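> One letter stands for each residue in the lines below.
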Amino acid sequence: MSAHSVYLEDDCRFEYNREDLVARLGQVLANPEALITNEEALRAYETDGLAAYRQLPVAAVLPDTVEEVQAILRICNELEVPVVARGAGTSLSAGALPHPQGILLSLSRFNRILDVDAERRVARVQPGVRNLAVSEAAAPYGLYYAPDPSSQIACSIGGNVAENAGGVHCLKYGLTIHNVLEVTLVTIDGEVLKIGSEAPDAPGYDMLAAIIGSEGMLGVVVEVAVKLLPEPLTKKVMLAAFPTVEAGGEAVAGIIGDGIIPGGLEMMDNAAIRAAEDFVHAGYPVDAATILICELDGSEAEVAAQCAQVSKLMESYGATEIRIAETPEQAQAFWAGRKAAFPAVGRISPDYYCMDGTIPRKHLSTVLNRMQALSEEYGLRVVNVFHAGDGNLHPLVLYDGNVPGELERTEELGGRILELCVEVGGTVTGEHGVGMEKINQMCAQFSPPELEQFFALKRAFDPKGLLNPGKAIPTLNRCAEFGAMHVHKGELPFPDIERF
Amino acid sequence: MSQSNDHSQSIQERVAAAVRSGAALEIQGSGSKRFLGRTPTGEPLATTEHTGIVNYEPTELVLTARTGTRLAELEQILADAGQMLPFEPPQFGGEGTLGGAIATGLSGPARPFAGAARDLVLGCRLVNGRGEDVHFGGEVMKNVAGYDVSRLQAGALGTLGVLLEVSLKVLPRPEKELALALELDRDDAFRQVSDWQAKGAPVTGSAHDGQRLHLRLSGSALGVDAAREMIGGEAEDLQFWQDLRDHRLPWFQDQAQLWRVALPPGRQLPEQLLHNALLDWNGQQVWLGGEQDFSALHQAARAVGGHARSFRGGDREADVLPSNGGIFQHLHRNIKKAFDPEGILNPGRLYADF
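Here the protein sequences come in this chain order: A and B. Note that this note's numbering has the first sequence beginning at 1, numbered continuously upward. Note that this note's numbering has the second sequence beginning at 1001, numbered continuously upward.
Chain B with its partners taken away, still in its complex shape (with noise of 0.2 Å):
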């Protein structure tokens, strides 16, 4: 287990250098999922001794951890609690920490039915561009005193701050968990495990790997032998969905590069972009494999409501997020520069320019 480390102070100090001399800085973690994004430049700046758990109240729901902190670490204190963190990180490399997490903003199977990372961030202290210790929101489930800030920084890479802590609502740990695979065709799975869900089925995981439905019940002991018994299908190991988390399937190995389109519900691309897919979050997160024009894929996403990225792979110094464009791009660029004035938190990480 770590030590508990308050780094904070050194952390605040290279981030006023670093606004005094103009030098960038890559904020490094773990480095586990160093790929996302642009391709990262600056001098680093590690989080990593950054360590610790600084509250957590399970009868409250909540934890506040330091962000170098291991999620593996903290997945274990929480287990020993019967308490979970519901999003589901994924910790490609089994190396992740609590402030990759919320800098990537990534969730794991269970987005669609727990929450994503941004839906269980209740606070966080950070220090921002002009090298400043602040905090906002808290360790409480209703907050609504000032902007949501917390909430900003998921998904937004380190470009608007350093995270120093994070403050998540955490939930109790399923009594029971089961994994069924059935044989289904996509279009059908989908709409069938939305009348599964209505009919009460704890539904905690909902995958499709052009074959075959996965998916993953949790909740009470009754509540999963009921559903079990109005679905039917074959039960599987549990594993996959581990697997699934963290890009262990054998068909995450085999993409050379792998991209992500988001989708609304009920919603789906053309069936040609679909020979080489993976979808999961009940059809809403499709992967796809191999070369893929860019261009091409995200008109396809946007033509139904959703978007493409470039998720692992491929050309880390072009683009890998849609141009949004117009008053989107001012309103991002502003964003940035009321965090960052300087520019010197992970630049060109999210966007070239900034």
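Just chain A, same shape as in the assembly (with noise of 0.2 Å):
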């Protein structure tokens, strides 16, 4: 796959003496190999889960101790040397990707579970652990961590924070930012604060909403109290098969509409059940245009009410066949389809882009047609997962690598159908964040006011823009280049600021 660097001139405009830099960096680090600088062990951190994009940083830090992480940010902080930190490298988005003339500041050793508080329900955590972690040690007590993304096995809390991670469940048990209680900050110029509280409300102004899906642009997390939730007593996973994507569609809406809220409810379209049937065989009615996988939670009268309800209201939208699975096997096999999707994707063709768009769940058949549309246009297939219940898209992009320009197309088409997705009222990103992915498509969701409100935001944290520089959200500069300047009223907004 040819790398691109994807680092406007705007983006690297920082002036330090590099020696001087790793000479101090040298001097806050107790372990010697905390500090990676030779260009082959670089490597390993170039790119982190958007495998397109690469960079090498200057230095890679692995600090062990928030004193380093706060000298470390000091020596930046005084040199204006650009930091990314980075918890597992799992983003979808480029958000972890480094930048050209700064530290990768790796948070992989703060990997401890801090304290499981069962009665209390509060977990503190440091920011290398993993999601799933934090259930299984959260299990013995009958609790767990309620936002799960799919790559949950992998990534970190940390990063979980900065992309405000959700999941499948997350309809119903909410985001991150619902299931964060505190976090521990570092600033820019090394300062330590707790943002946020135990209690249900901190005094003043909400900051913990701007640190929660901040992209690491605001400060450096070391650590993290969520919330843990009982297990629900019981769950029941259905199946269903609908003839149209309009009919899944609209049957979605009427669970929603009737008052259930499911705990999970997915949709995968024909191509996406063709290949997750090849992969796991977990025998998905392949002829379907489209399957629903619907669970529910509570009590166990409560969720057999519910799949009887739900039964009906799906065979009312017309579906061809309904499921319910009767064991924990059956429950399992359901999901694994879904749960497999995207490597099932990988095994049917080279390469794969993931795309994350958020539509109203009205507009649902209209995206699909015109993505159809679109897909044919480019010439490139166009398999689709999604969150229903959430109207949370994941169009799969297939493409070969090899083949010179298919990267380049593949991205014009992800960026096209993001902006699809905005046009409908919808947004760029659910939850993989725009880190430096779909920089230029917030250019078309966000007028120059807007963006410029988002930067004075950051300058308050972050006056001289070193953290997580170029990322996020894109300069004026880089709208008009990308060819989404908005124009009010025949007006140039900020008419005085240079374009070019």
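Calculated directly from the structure, the hints in this document are not laboratory data.
Cut-off 25 Å, straight-line C-alpha distance, at most; resulting in silico cross-link-like pairs (PhoX-like, lysine-lysine):
(1) B:K1199 with A:K235
(2) B:K1199 with A:K172
(3) A:K464 with A:K194
(4) A:K227 with A:K172
(5) A:K362 with A:K172
(6) A:K464 with B:K1337
Quick caveat, the model's predicted, so the values are computed rather than measured.
Make the complex out of the two chains shown on their own, each in a separate frame, by following the hints.
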């Protein structure tokens, strides 16, 4: 796959002495192996979960203590060196892509679960702890941590905070923002502060709301207090096949309109069903235009009643087949195909590119039809799996990176899909973040004053713009170059700003 | 029912004029929560005429309305579609508006079980202190494009922008609701409620008045009935929960001054502070009446990981929130400046100096 640098000249305006930086970092790190500067070893850090983008940092730094993080940030602040923080590095939007002039601050050694307080249902963890590890630590007490991104086996809590991660259960149980109580933050000038509270709120502005989903651009999180929930008493998983995508979409609206909030409600299109079936042999109905997987949870009597209600609804919306898992193994099989959808698609195409837009659900069939037209226009197949309950789409664009120009065409198609999401009232990213990947499409979603408001908030925390520069929020220059500058009432906003 | 009136442009023009003249504005909704925060100053900027529902899609669980719209009206429209505002915004005096609910960030008794005001905010449109009409978040459940500026407005008391429209996540109304009262000690009561929850009881209210635990169950008829069986106690009027939400219980009427303490789960204030207390949110929101030494109260709250504020009455020229000091205050001031560089929006309402 061809690698390309995606930073603009604008984003690379940092001037300092590299030897000086490396020497000073060496002085504050107790472990000499915590500072990596040779190119070969740095290769391990050049890409995150979005492998199409590669960039070597000046150095990778792996601190062991909060004091070391403080010292590193103080040095970077003083010398004006960019800092990209990284947990497990599973970002699918290149949110943890290194900066060519910066250091990569790896929090992989912050991997301890500090406390599980079962009685008060609070866990304190370090940012490098994997998402699933929190639920595993809470399981002996009948508790779990609700946000469960599909990458939960690998992704870290710090990254979850940076991206406001969600998951299959978030329509009912919320996103990271709803399940994190407090974070310990190190600011760019090396100050440590607690944001949020184990109490229901904290005095003053809701800074926790600003930090969660901020893609590592406001500070470095070194500890997180999360809420734990009691495990649901029972769960029931159903699978329904529909002859058209419209029927499936209407069934989703019907279930929710009828007052049921399923624990999980997922949808796969025919291409995804076939790919998954070939891979895991879950027994999916391969002729269906779409399937819905619906998980209901609660007390046994409640779940049984809801199951009957949902079955009836699905039938009334034209389901050709409804299966209810009778055993845990069956339930697992229903989920297996959905959970393996991405690797399954990986088997039918040399490469695929995973998009992440959210739309108001009522526009589902319009969006799917127009995506089909775009797929034909670009000559690239698109496979769809998505979180039907909350309208979060994950179109997978299939391509071959060895064919010259195909990656670029894929990216362009991806961009068009995201702009389509914005056009129907949705957003360019539901859960993966903007990172480096969707930064141009931000110009389509936000006007210059809105972008400038984001930058103003960023400056409140990071006046020199050192934390993860060049990501998430596009400069007006970038938008102008991308050709998506909004012009309101014929007047170019901020006429005094140089554009090129 | 109120009219659909879009006053966005005139509000934006008022703010833009204030930016030019440097005159402070006091954003005024119905005034039902005007007692909150420090004494307001500035020329009045009324938002109550800016009303109407912009978009409501029951099957999408999203409602967007102009901020002058009365909560009572919103709740009626939602109820007609079998839905509700899960955070039960208090309507002190019954006149509260959507804008006031979000700007104060207050949540009712269901908060620990259904989420806070900020948890249900999906997006907003506001006029910032530069006089710009800007829009953040959206009308979808999942959205991580840009910083979460919408939720940051919850509880900011209008100091970061004049809210024009707010999009909220709404939820289905429960099939059945039931209020219970039980003779249980404060300490035992809240632990007991957690246990009932773990056993599947659909608790959506847990308050203690010093003598009795008041409990509310909401959910499917099956779930509520099963929990009732498990819990026992005697039924009481559901009105208790409305009156608790809106501070209409006799206890609230008796208090010349009202203090609020927020606490982590399973933590408590020293017994000597609780002689005149009403506890909500399963013990995490403590209402205290009468004379208190603010700094001592805050110390006691902080000692167990919480905080205190002066809620109603008393000296509104003084600080009503604990001073965060240091880096905190520095960041708060920076955030204020990021939205309102001239300091014209509700200055001094949250903190004396900005």
